[in-house]
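Engineer: Protein chains in written order, with my numbering: chain A, 1 to 291; chain B, 1 to 451.
Every beta carbon over 10 angstroms from chain B, so not counted as near; a handful from chain A, in silico: (1) THR60; (2) ILE115; (3) ARG164; (4) SER178; (5) ILE186; (6) ALA272; (7) LEU275.
Derived DEER-like restraints, expressed as beta-carbon distance ranges: (8) GLY435/B x VAL8/A: 43 to 49 angstroms; (9) PHE7/A x GLY448/B: 45 to 51 angstroms; (10) GLY315/B x THR274/A: 44 to 50 angstroms; (11) THR386/B x ILE2/A: 49 to 55 angstroms; (12) ASP441/B x LEU277/A: 44 to 50 angstroms; (13) VAL8/A x GLY207/B: 30 to 36 angstroms.
No lab work stands behind these hints: they were computed from the structure.
Using N, Cα and C, we set each Cβ at its ideal position, and we do this for glycine too.
Okay, here's what each chain looks like letter by letter:
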Amino acid sequence: MINWPNFVSQLFNGLALGALLALISSGLTIIYGTLGVLNLAHGAMFMVGGYAGYVAYTYTGSFILAVIAGSLFVMILGIVMERVIIRHFYHRPHEDQLLVTFGLGICFVEIVRFIFSSQSQIVPPPSLFQGITSLGFMFYPTYRLAVVGIVAIALAVLFIVLYRTRLGMIVRAGIEDSVMVDSLGINVYRVFMIVFGIGAMAAGFAGIVNAPVVSLTPGIGDDILVQTFVVVVIGGVGSFPGAILGGLIAGEIISITSMIDPSYAYVMLFVAMTLVLVLRPHGLLGTQGRE
Amino acid sequence: MKDTFKQAMNLAVSRRSLLQGGAGLVGGAMLPMGLVMPAFADDKPAIGTWPAGSSGSSVTIGAAVPRTGTYAVQGEDELKGMQLAVEHLNSGHDLMKKLSPKTKKGVLGKEVKLVVADSGAKPNEAVQAQQRFITENKVVLMTGSTSSAVAVALNKLAQREHVLYVAAISGSNDTTGKDCVRYGFRQGFYGQTAAAAIAPVLVKQFGKNKKVAYMTPDYTYGHTVTKSMQDMTKDAGWTTVTNQVSPLGAPDYSSYLLNVANSGADLLINVNWGHDAVLSIQQAKQFGVLDKMKLVVPYQVPFLAREVGGGLMAGVYAATDYWWTVEDKYPLAKMFNEAFNKKFGYQPEWGAENAYVSFAHWARMVEEAGTFYPPDVIKTYEKSETIPSLLGNVHYRKEDHQCVRPVIIVKGKDPKAMKNKEDYYDIVEIVPGDGLMQKPDAFGCKLGDYT
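Based on the provided sequences and hints, a complete structural model is requested.
Structural biologist: Here it is in structure tokens:
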């Protein structure tokens, strides 16, 4: 299916797909970069955001309230998780951190399955963004176009928080050297809690924004988690701009490869990841020595 | 190595039996011969979990069904069919007696127990679970699939361990084709029969010389169903303009659907299954693909119509094993629906029906054989006798252990035409099984040994 209109369509679709991957990955990478915890429950939190939004939508019929509910619920969940469990693991080996977050992820998925069953749930897009838009060279779902804009705004807000505020400065300093930040009299553990909350909120936000694109099932986060890791590895573990770049590259790889041979679309993602790991082990925008 | 060990074990048991027999002969030398003979009549070497698995007052069936992942919804439904069948076997329910007339309570008087593991539709997890059931529970029967990759893996395990396996949902031609085994049986329909049944209906409906886009999951089920559909529509001049192969559990179908949208196809034949089918159909609607081309689902997905919502399945043709409204024609189906609905609160989908009937047929074969000894049970299946199912009489082919049974063609209803909340499909045709099947050796089936 290699022809000019299809190529342009796929190029554009790769951008849209990548934008969403970038948003989900950014939460994962911020948490890892600051806290050094690889949060394997991130996919489950993405899923919980979708379901929290779905419940809010069912009761209010408002998509905006659903987005707020999905984001806030997962933020609170993240903060509680950090205070009750994760903070006890900061000084434990990475394997312990992986196991505890993996276990939490399974618990979240099974709780949601228990409440909502495995049958998929639908959150329709807001009426403003329903239907299909003609872009001249292709037809594209209006809501997916809107998602590109929504994600761009969300990433810009995250960028401003991380790079243009005092909190962001502390967070970035914490990424570089948390012991030094602590000894300067800043309560680094409070910052960690806030960072975990922000990372979780990004996952929840992505979950509900993504909900109208897919149908919600308890397993939806598992499928996306693997891709998110690929994105983070390509972009550079712990690097926020890296997550954005990695997301866009991953989106384009899936789309463009599917045009040449669809059965290789997802395989090529891992080929790209392997290449990056071999040629630039810290990722495209990662910094050597960063923990 | 393992085989040698097993042979040695069999030999050891034979020796013990021989010694027992010998002792009997010496001790009973003064008794009339007629009293001695029965000691030899049931003298068979141990095989698989026999006789250990059936020496107590109960027997156990091991089920590995997907309760998580892409096929979780369908896995839960087939599990319910199994649970109902076990309940009916143990209580000697009337429906079970109609399917297996010698059944009283249990199977050969032994209570049936069901042990269940989540396979996640992954072959390695299913095999590990069943291996555990064989070792710990001495299961006399294995079941569960919902992914043909699992069915094929369990087929091989069944043959290696000499424990019977009845496939649950498995649409691949390979399950009773090139990957068939002596110890495996399949009640349900599959790619070849689905394609053979639905192709004439589609050609009649949509005409000749159509351009078709396929969406195919990347494993044995997807590839064989797509191939069968291509073969069956070739004579009508249908050509494949694109085949979008995607991995099981793909999180997004946009790039595939763009290829479909730009392919100029008249029809979209979607072979994806479980949640993959739900997602790909919903996204096909979002991308306007369903406004451009007609959708066909050759291998029907339980709960698809209710999950995709929005009447997206209206007018869509599908082939299936069972749809509950056949109860108007088949009294046993009505009995099954009533019992299922009473216990679980909804009309059974085809996964549940297949599970129930597979258990009933197995129980019938064991009762007929009068033993759980696997080779005897297999030979009873291989008599190919005409036996009842929920859709009238069927039989198992001795050459590939495939049940010759009807395929039902359904067409999605417009939501406005639905008479109740579960009235998703009209039955277009019930196609008899005999004319739908390939020749037994066409897909390279070699069953293997009994022992």
